[in-house]
Amino acid sequence: MEGESLDIEERVCIALAAVPRGRIVSYGGLAELSQAPGRARLIGRILGRISGRAGLPWQRVVRSDGRIAMPPGSAGHRRQAELLGQEGVEVRGGRVVRPARYFWPDR
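According to my numbering, the residues represented by the sequence shown are 5 to 111, in order.
Since the hints were made in silico from the structure, they are not lab data. Heads up, some of the hints might be wrong.
[What the hints assert, rightly or not] DEER-style ranges, computed between Cβ atoms:
| hint | residue 1 | residue 2 | range |
| --- | --- | --- | --- |
| 1 | 10 | 99 | 25 to 35 Å |
| 2 | 104 | 73 | 15 to 25 Å |
| 3 | 53 | 22 | 15 to 25 Å |
| 4 | 71 | 22 | 15 to 25 Å |
| 5 | 101 | 10 | 11 to 21 Å |
Computed from a prediction, not measured in an experiment: that's the story for all the values here. Note that CB positions come from ideal geometry on N, CA and C, so glycine has one too.
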């Protein structure tokens, strides 16, 4: 398979870049899209390393229940909620409201 020649970090970047504006993906969903099923925690660590890369929509990755994973009240938590809101994703209390309507790909 073509993607097997890429390392996991590259696959995560490619998969993350594919998440459309106004949609979200869970850590587990991003793991599956990156050909690393069951590796949601690894995806979280990778995102911590690559989140500063220009153009990567890190804000679109949330927990499977729609919650923002960063500590509530932290600058990152507030920034993620703000960026998601700018994309039309409704966030209240650190959680995407009715996350099923925003998950990508459709569940």
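Verification of the supplied hints:
no. : hint                    : result
1   : 10 with 99: 25 to 35 Å  : holds (33 Å)
2   : 104 with 73: 15 to 25 Å : holds (18 Å)
3   : 53 with 22: 15 to 25 Å  : holds (19 Å)
4   : 71 with 22: 15 to 25 Å  : holds (22 Å)
5   : 101 with 10: 11 to 21 Å : violated (35 Å)
Checked against the numbered hints above, the structure violates only hint 5.
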